[in-house]
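K.L.:
Residue 1527 in the working numbering sits at position 32 of the sequence shown; the count goes up by one each step and never skips.
There may be inaccurate statements among the hints.
Capping the alpha-carbon separation at 16 Å, the derived lysine to aspartate or glutamate pairs in EDC-like fashion look like this [to be verified]:
hint: 1; residue 1: K1714; residue 2: D1560
hint: 2; residue 1: K1633; residue 2: E1692
hint: 3; residue 1: K1707; residue 2: D1610
hint: 4; residue 1: K1695; residue 2: D1544
hint: 5; residue 1: K1707; residue 2: E1608
hint: 6; residue 1: K1633; residue 2: E1687
hint: 7; residue 1: K1626; residue 2: E1694
hint: 8; residue 1: K1534; residue 2: D1553
For each label pair, taking beta carbons as the anchor points, the in silico distance ranges come out as [as the list claims (entries may be wrong)]:
hint: 9; residue 1: G1921; residue 2: W1786; range: 13 to 23 Å
hint: 10; residue 1: A1765; residue 2: G1921; range: 19 to 29 Å
hint: 11; residue 1: Q1697; residue 2: E1725; range: 37 to 47 Å
If you are wondering where the hints come from, they were derived from the structure by calculation, not from laboratory data. This structure is a prediction, so every number in the text was calculated from the model and none was measured. Beta carbons are placed, not taken as given, at the ideal position from N, Cα and C, and that holds for glycine.
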Amino acid sequence: MKKTFKSAIIISVILFMLLGILAPIFADTAADFEANPAKYETMCRGRIDEENKQICADYRQFLIDRASNNKDLANELAGDLEKIKSDIVSNLGRIQDYTNMIAEFEANIAQFELDIANKETAIAELEVQIKEREGTIKGIEDQVKAFMVNSQSTMRVNGYIEFVMGATDFADIVRRIEGMNNIKRYNEGLIEDLRVEREKLQTDQDLVVAEKDAIEDNKILIEAEKANTELVKVAAQQLQEQLVIQKVNLETQDAAIKEQIAVDEAAASAIVASGSFMNPVPGSQIGESVWHYSGSYGGGVHLGADLPAGVGTPIYAMGNGIVVVADGGCSTNGSWGCNGGLGNHMAMIFEVGGTIYGTLIGHMAQGSFLAGPGSIVDQGAQIGSVGNSGNSYGAHAHVEIFYLGDDSVSAALERWNSSQRTAQFGLGGSSGGTSSTCDARGGAIPCRLNPNDYLQ
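Can you build the whole structure from these sequences, using the hints too?
P.N.:
Structure below.
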């Protein structure tokens, strides 16, 4: 029992000592590779010490895996593009970020190519050195062989005895024995030289293999970095395209602002309030609701309610009022980013039960507008058709509703002309989150209402 207990203690001590030895090795993880690249670049360049060979192999594999796994980069770039589309101004700095990323990838490629050239030069020099070492080794081997042949023919035991006993006196015997020892030491020196040269030759040959392996690794890294560079270049191009789209939109909006909506005061004052709201797409039920998208669409800010319907389904005026915005020019399908993502859209001011409202309807079909800025329309009149333009994943009418006061349509129009003058009545889009809701603004004019309460 005592012997078993003693053995258990000894085994525990040995395991503890081994863990102490191995702990520093386990510390060299991917996290350390990421945090201390200069350390490993220095450690793993040129001739690698035997104890570092495995860690250097792991480091090279880490570099290859990191560069080759561009899925995360692609997802990040796709996420950036969505953010940029919704809020281009706040994300303008990404242009420089992309430029810096491209420069970094290209610098890595240049360094890998330079390393390959240096390694190819080193390999050529090593191969010359290997040839020289092989010649040196052959010369030493020839000397050793010659000595062995000579020893076999002249220095067998009897010959050795005759050589020694042939001395004239004791001093001559000593001299002859010492001479034989010198010959033996010379031969041992040759053998040692041969061993050293063979070790150097093996080291050079191992280094050539290692350098060739490193060249192949660098080629893999170059291809991976080229792929990453292309990903970022595509993203930069898409960002540039968004900038152009936004520039055109801003210029269009600026032109519209300069041409304020003129309407006959008498006609505006004569607009009769509607008794109730009309669903602009009768029979359609709300799909994606207001304030935030559902999880299946990413959960981002959504400032309206979506009424799904087929392309070409009529859209009707929700109340008696006046059209203030009708922005078109977007393809019914496949026009992502057009008009800031709203696609073809129309906004109008109308009155229901003594309260003045604004409405924005987005993603309409191309060429479907039946009214334009300044048009006075009656509730139930068709103003356009359902489409799939702009940032839309399927045909529907995107509906936003705004509180504009309790006075009159003509007064609300005057406010729009003087300070609001956008399809979202000066409140901005989703980049502002839900800060423009009437609850958040304390009912201040203008503010956003929950469209679910008005779309029956």
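K.L.:
Each hint: holds or not?
P.N.:
Hint check results:
1. K1714 x D1560: holds (13 Å)
2. K1633 x E1692: holds (10 Å)
3. K1707 x D1610: holds (11 Å)
4. K1695 x D1544: The given pair, whose Cα atoms are some 14 Å apart, holds under the 16 Å limit.
5. K1707 x E1608: Status holds; Cα separation ~14 Å.
6. K1633 x E1687: Since the Cα atoms of K1633 and E1687 sit roughly 14 Å apart, the hinted pair holds (cutoff 16 Å).
7. K1626 x E1694: With a Cα-Cα distance of about 14 Å, the restraint between K1626 and E1694 holds, given a limit of 16 Å.
8. K1534 x D1553: holds (14 Å)
9. G1921 x W1786: 13 to 23 Å: Check passed, 19 Å falls within 13 to 23 Å.
10. A1765 x G1921: 19 to 29 Å: holds (26 Å)
11. Q1697 x E1725: 37 to 47 Å: holds (43 Å)
Violated hints: none; the structure is consistent with every hint.
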